[in-house]
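Protein chains in written order, with my numbering: chain H, 765 to 985; chain W, 765 to 985.
Do not take every clue at face value.
In silico SDA-like cross-links for lysine to any residue, where the CA-CA straight-line distance does not exceed 20 Å [to be verified]:
#1 W:Lys815 - H:Ala918
#2 H:Lys898 - W:Lys888
#3 H:Lys898 - W:Gly891
#4 W:Lys815 - H:Lys898
#5 W:Lys815 - H:Asn790
#6 W:Lys888 - H:Leu886
#7 W:Lys792 - W:Ala855
#8 H:Lys888 - W:Gln903
#9 W:Lys888 - H:Pro956
#10 H:Lys898 - H:Ala949
#11 W:Lys815 - H:Ala949
#12 H:Lys888 - W:Ala855
#13 W:Lys898 - W:Val952
#14 H:Lys946 - H:Lys888
#15 W:Lys815 - H:Pro956
#16 H:Lys898 - W:Leu886
#17 H:Lys888 - W:Lys792
Please keep in mind that the hints were generated in silico from the structure rather than gathered at the bench.
There are 2 protein chains.
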Amino acid sequence: MTVQPEFELYSFWRTSATYRVRVALNLKGLTARERDVDLIKGEQRDPEFLKLSPMGAIPALVEPGHPAMTQSTAILEYLDEIAPEPPLLPADPRGRARVRSIAAMLAADTHPLITPRVRGYLTKEAGFDDAAWKRWQIQWFTTGLQAVEARLAAEAETGDFCHGDRVTLADICLASIPAVMKIFAIEVADIPTIDRIMARCEAIEAFAAADPYRQAGAPSR
Amino acid sequence: MTVQPEFELYSFWRTSATYRVRVALNLKGLTARERDVDLIKGEQRDPEFLKLSPMGAIPALVEPGHPAMTQSTAILEYLDEIAPEPPLLPADPRGRARVRSIAAMLAADTHPLITPRVRGYLTKEAGFDDAAWKRWQIQWFTTGLQAVEARLAAEAETGDFCHGDRVTLADICLASIPAVMKIFAIEVADIPTIDRIMARCEAIEAFAAADPYRQAGAPSR
Numbered sequence: 765m766t767v768q769p770e771f772e773l774y775s776f777w778r779t780s781a782t783y784r785v786r787v788a789l790n791l792k793g794l795t796a797r798e799r800d801v802d803l804i805k806g807e808q809r810d811p812e813f814l815k816l817s818p819m820g821a822i823p824a825l826v827e828p829g830h831p832a833m834t835q836s837t838a839i840l841e842y843l844d845e846i847a848p849e850p851p852l853l854p855a856d857p858r859g860r861a862r863v864r865s866i867a868a869m870l871a872a873d874t875h876p877l878i879t880p881r882v883r884g885y886l887t888k889e890a891g892f893d894d895a896a897w898k899r900w901q902i903q904w905f906t907t908g909l910q911a912v913e914a915r916l917a918a919e920a921e922t923g924d925f926c927h928g929d930r931v932t933l934a935d936i937c938l939a940s941i942p943a944v945m946k947i948f949a950i951e952v953a954d955i956p957t958i959d960r961i962m963a964r965c966e967a968i969e970a971f972a973a974a975d976p977y978r979q980a981g982a983p984s985r
Numbered sequence: 765m766t767v768q769p770e771f772e773l774y775s776f777w778r779t780s781a782t783y784r785v786r787v788a789l790n791l792k793g794l795t796a797r798e799r800d801v802d803l804i805k806g807e808q809r810d811p812e813f814l815k816l817s818p819m820g821a822i823p824a825l826v827e828p829g830h831p832a833m834t835q836s837t838a839i840l841e842y843l844d845e846i847a848p849e850p851p852l853l854p855a856d857p858r859g860r861a862r863v864r865s866i867a868a869m870l871a872a873d874t875h876p877l878i879t880p881r882v883r884g885y886l887t888k889e890a891g892f893d894d895a896a897w898k899r900w901q902i903q904w905f906t907t908g909l910q911a912v913e914a915r916l917a918a919e920a921e922t923g924d925f926c927h928g929d930r931v932t933l934a935d936i937c938l939a940s941i942p943a944v945m946k947i948f949a950i951e952v953a954d955i956p957t958i959d960r961i962m963a964r965c966e967a968i969e970a971f972a973a974a975d976p977y978r979q980a981g982a983p984s985r
């Protein structure tokens, strides 16, 4: 692919799912013009945005003349198909299944539990205050990361990264969790394999440049 | 593939994620010996099972001599790779992105919210009784299905099924939601496109045979 599409990425500085797409774009050498959807102001419920993303969820990746693409894992697979280098999935089906499984443990079984719409419901319907919400966040970040740690520590396929010695979708989805945990001042203990892999990822500019605090609209730390 | 692996599927009669794998196996003409993990008895927290699936989640698909595969969407992609007919993804990258996105709206943004581990937390820590849990289920089933309905009704790619006139991963993940809603006597109104597609799916034996009430261990209706 010599000329990339003129991507627009509907995004917000601090969201985990947008972070994943930013990392993949960076790794592939692709660029996207970001369009801010302020989740704190509730702009994701704007009728115009809901036409792009009926779930009111970001990211949404738009190419001129085509419907918006939503859901970070679907977007990552798409970017890997249209710009195959460097590959974000292993070559063998079992390896791909392992990478997609680790990615889903985080992007499906962990992150959807701590989104603004869930917070809104628990605040309104279950009386969650800030402390109860933080306990909820800690519960699911811990559950997800400890389960992934158990796999990474036990499975022979783990290398410098989650799967061997190259970055895959699993590393991108994994890094998207601590990237937002630090915003909420949450830490999970006893995950040495994850900590080791995260240090490797943070040293890669494609990851570092996607850091929430380096995005437009982020507060100074 | 002339000889299929001797799959074992760790499963439970009523789970949405296991249903998806059953449908895919059926569509591909593959078989798996099911091994029951009784989620009501808490067998998913058995130490032996946690070695296979550290998240304590089913399904897990096991081939002799290989680590267990977990996460339904990763398993579906794997089955589609090792047994390509009939294909469960469209041939074009944008079509695949759309199918994976619809699948993720249900398998990632909807279903993880209504799993036993979430119910356990809300019961213990937030005082949810049966009625509060049912309102929670209704909230997220409705949110997910209405968002998918909005897409299916608006987007030109929708056909007899979610994407054109062939079954894809999107239909399998979509059908996995009403398949369990009926167990909890939950209905979502005003989703005519989904209702139309579900009627098509139910007429296909690969879907009908995966119905929770047709599995070993299911109560009689």
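Each hint tested on the structure:
1. W:Lys815 - H:Ala918: holds (9 Å)
2. H:Lys898 - W:Lys888: holds (16 Å)
3. H:Lys898 - W:Gly891: holds (17 Å)
4. W:Lys815 - H:Lys898: Given pair W:Lys815, H:Lys898 is violated - Cα atoms ~29 Å apart, limit 20 Å.
5. W:Lys815 - H:Asn790: violated (35 Å)
6. W:Lys888 - H:Leu886: It holds: about 14 Å lies between the C-alpha atoms, which stays within 20 Å.
7. W:Lys792 - W:Ala855: Measuring from Cα to Cα gives roughly 17 Å; hence the hint holds.
8. H:Lys888 - W:Gln903: Roughly 13 Å separates the two Cα atoms, so the pair holds.
9. W:Lys888 - H:Pro956: violated (30 Å)
10. H:Lys898 - H:Ala949: holds (10 Å)
11. W:Lys815 - H:Ala949: With Cα atoms ~31 Å apart, W:Lys815 and H:Ala949 exceed 20 Å; violated.
12. H:Lys888 - W:Ala855: Violated - the C-alpha atoms of W:Ala855 and H:Lys888 are around 44 Å apart, more than 20 Å.
13. W:Lys898 - W:Val952: holds (13 Å)
14. H:Lys946 - H:Lys888: Since the Cα atoms of H:Lys946 and H:Lys888 sit roughly 25 Å apart, the hinted pair is violated (cutoff 20 Å).
15. W:Lys815 - H:Pro956: holds (18 Å)
16. H:Lys898 - W:Leu886: holds (14 Å)
17. H:Lys888 - W:Lys792: violated (45 Å)
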